[in-house]
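K.L.:
Could you slot chain B onto chain A? The hints should help.
Here the protein sequences line up with chains A and B, keeping their order.
Take the first sequence: its letter number 102 is residue 102 in this note's numbering, and every next letter is one higher.
Take the second sequence: its letter number 56 is residue 56 in this note's numbering, and every next letter is one higher.
Worth flagging that the hints you see were computed from the coordinates, not collected in a lab.
Bear in mind the structure is a predicted one, so any value in this text is a computation, not a measurement.
Treat the hints with caution; some may be incorrect.
Said to hold, decoys possible - Simulated pairs of lysine-lysine, DSSO-like, Cα-Cα distance not exceeding 27 Å: (1) B:Lys243 <-> B:Lys66; (2) A:Lys276 <-> B:Lys102; (3) A:Lys300 <-> B:Lys32; (4) B:Lys16 <-> A:Lys23; (5) A:Lys325 <-> A:Lys30; (6) A:Lys23 <-> B:Lys2; (7) A:Lys312 <-> B:Lys195; (8) A:Lys325 <-> A:Lys396; (9) B:Lys197 <-> B:Lys102; (10) B:Lys32 <-> A:Lys30; (11) A:Lys276 <-> B:Lys20; (12) B:Lys195 <-> B:Lys50; (13) B:Lys20 <-> A:Lys320; (14) B:Lys20 <-> B:Lys66; (15) B:Lys20 <-> A:Lys312; (16) B:Lys50 <-> B:Lys2.
What the hints assert, rightly or not - Only part of the chain A face toward chain B is listed, based on derived beta-carbon distances under 10 Å: (17) Glu9; (18) Glu10; (19) Gly19; (20) Glu20; (21) Val53; (22) Glu63; (23) Gly65; (24) Gly77; (25) Val378; (26) Met382; (27) Leu384; (28) Ile387.
The beta-carbon is built from N, C-alpha and C at its ideal position, and this holds for glycine as well.
Residue strings, one per chain:
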Amino acid sequence: MSLDFSFSEENVMLVDALGEAMKPWAGPRKAELTEMVSNSIFPQELWQTFADVGLMGCLVPEEYGGTDVGLLPLALGFEKIAAMGISPNILLVTCMDSACIARNATDAIKEQYLPDIVSGKSKFCFAITEADAGTNSFNMTTKATAVGDKFVINGAKSYISGFEVADYMLLVARTTSQEDSKDTKMGQYHGLSLFIVPTDAPGIEKQLMPMAFNEGVGQYSLYFDNVEVAADQVVGQVDMGALVMFNSLNPERILAAAMCSGMSQFSVNMAAEYAKERKVFRDTPIGCYQGIAHPLAMAKSEHEAARLLMLKAAWAYDQKWDAVKVGSLANMCKLMNSESALHSVDAAIETLGGSAFTVEQGLLPLWNGARLLKTAPVSKEMILNFIAEWELGLPKSY
Amino acid sequence: MKVLVTVKRVVDYNVKVRAKADGSDVDLNNVKMAINPFCEIAVEEAVRLKEAGTATEVVVVSVGAKQCQEQIRTALALGADRGIHVETEGAVEPLVVAKLLKGVVEKEEPRLVILGKQSIDGDNNQTGQMLGALTNMPQGTFASEVAIDGDKVNVTREVDAGMQTISLNLPAIVTSDLRLNEPRYASLPNIMKAKKKPLDVFSPADLGVEVTSHITQLSVAPPAERQAGIIVESVEQLVDKLKNEAKVIS
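The following block holds chain A by itself, in its conformation from the complex:
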């Protein structure tokens, strides 16, 4: 009997410790945090709390100050944060970048960046998307040209979350043109490279992209005009960035799923509490009505199933399962948890009625967040394409 659904004592203790540490932010300081998010003021104190609990060290080896306990505890942490009604957005990118650096970079780079990520001193953003290279990353044209012991970067990126608060970015740029890469052994997977670039490097110009809802950090368009990066700041091998990058996208998807799972938990719980107290007709709490109870029960069941998949994906990543298998689980769990989050938040809105739309209840930002996570970091359709191709062996359609 090797199947065991109970959590280890350490995982339980981590989630408890995080719950205690976060309590002020979900309680007396909630309004302050909401205010900061809506004014795009970065909650540095909250960030430091994440670091103090040890979240940023989960994917970092002990010699660089981390605990290397793995993605499962980190996912449980993300879930807990989201279940307290708080969004850990840029934490996701920083943790994903830390995993990428820890698994692929030189010892010198690890030494240079990882301890500061763990202590909370450094934040990272991830610069991959371009106006004409979103879902299809291979279309990117931002170019890094080797000149002596440097690379010179020119081009543009868009939808770069949290650039204004990040100290560094993990940048994906083309080191060999798409045309020249075609004839190599790796085909289109050849030609991309990953660089660590300080966000204040000379030659970077930023422009805030006005978004319809506020995540707490901004989305930026970035323009690179002869930005110089030392050649030793490449993560992984030159031209082999695609593989490194795709392996890092799995933890990103799993952590996004964990956030969705936390959102489901938060909204179903708060709606159930509300339904126990709220009376509309006579002395009957509205939770007595099946019209209210059943959608919440359905959302709860869907969440439980989606959550199991997320936990399995995180566990498989930690067990170093085959990357394609982890990829399938990561994609599936992102898909199922984002759907579950949307259904849960919707059921909660139905339960709360008009009061669901107040700032105090915090459901609408959750609705926006859940909807965003259906599309980002990868769309539902691309996820289904991946599963059709890799799990079912169906022909690639695009």
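P.N.:
Just chain B now, with coordinates in the frame of chain A:
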């Protein structure tokens, strides 16, 4: 200086407790358990003494079923050095706990024992005092400030009339009040370290104590449900209602 600190496993203070359907006890099925908050304060105080260089070792002890080891591990993650679990079955009353703790005190010979002033489940507020009587050690209960001063410990106590500071000869017993300190939360690196810290298990027989019971719990019932309140129009009306309806002032 060695400090012994006690932790009790209780229902987490965030949980709304329910009585079992037959009224025999509190329902603990699927209920989240935690360190008693006053014990957590005791652990924090001991760890602070160690950080200040006053204490050299912090030993944490818990009495109860096997699951108590979870709370010992939590205390170790908060900074205690090693754990002792006295494994018992079923409910143990304060006098038995005090006798078992006396056994541990005799084994460990700490200079200072810090306990929570009471546990939030039984609310007995007895164990620290009983341990004082059994060991003949001086006790400073309801401490809101603890300061080691050579061979003495100065304890500021919250009493009805205000604050009272007493000086005790070491070794001594202190029980913590709510305002003694604000406990820290465990961090992941410390949680991982706690796994490697030693934890010894003793039975009551190892400590020469016979577990007997002098108390029988007859029933547990939830408090009566509170009726909805009313909003009064004015202070005059409030005073009138308190005087004539509630009859709590005259």
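K.L.:
All the hints need checking, so say for each whether the structure fits it.
P.N.:
Structure-based check of all given hints:
no.: 1; hint: B:Lys243 <-> B:Lys66; in the structure: violated (53 Å)
no.: 2; hint: A:Lys276 <-> B:Lys102; in the structure: violated (48 Å)
no.: 3; hint: A:Lys300 <-> B:Lys32; in the structure: holds (20 Å)
no.: 4; hint: B:Lys16 <-> A:Lys23; in the structure: holds (17 Å)
no.: 5; hint: A:Lys325 <-> A:Lys30; in the structure: violated (39 Å)
no.: 6; hint: A:Lys23 <-> B:Lys2; in the structure: violated (33 Å)
no.: 7; hint: A:Lys312 <-> B:Lys195; in the structure: holds (24 Å)
no.: 8; hint: A:Lys325 <-> A:Lys396; in the structure: holds (17 Å)
no.: 9; hint: B:Lys197 <-> B:Lys102; in the structure: holds (23 Å)
no.: 10; hint: B:Lys32 <-> A:Lys30; in the structure: holds (24 Å)
no.: 11; hint: A:Lys276 <-> B:Lys20; in the structure: holds (20 Å)
no.: 12; hint: B:Lys195 <-> B:Lys50; in the structure: holds (20 Å)
no.: 13; hint: B:Lys20 <-> A:Lys320; in the structure: violated (45 Å)
no.: 14; hint: B:Lys20 <-> B:Lys66; in the structure: holds (22 Å)
no.: 15; hint: B:Lys20 <-> A:Lys312; in the structure: violated (35 Å)
no.: 16; hint: B:Lys50 <-> B:Lys2; in the structure: holds (9 Å)
no.: 17; hint: Glu9; in the structure: holds (6 Å)
no.: 18; hint: Glu10; in the structure: holds (5 Å)
no.: 19; hint: Gly19; in the structure: holds (9 Å)
no.: 20; hint: Glu20; in the structure: holds (4 Å)
no.: 21; hint: Val53; in the structure: holds (5 Å)
no.: 22; hint: Glu63; in the structure: violated (13 Å)
no.: 23; hint: Gly65; in the structure: holds (9 Å)
no.: 24; hint: Gly77; in the structure: holds (9 Å)
no.: 25; hint: Val378; in the structure: violated (29 Å)
no.: 26; hint: Met382; in the structure: violated (34 Å)
no.: 27; hint: Leu384; in the structure: violated (36 Å)
no.: 28; hint: Ile387; in the structure: violated (33 Å)
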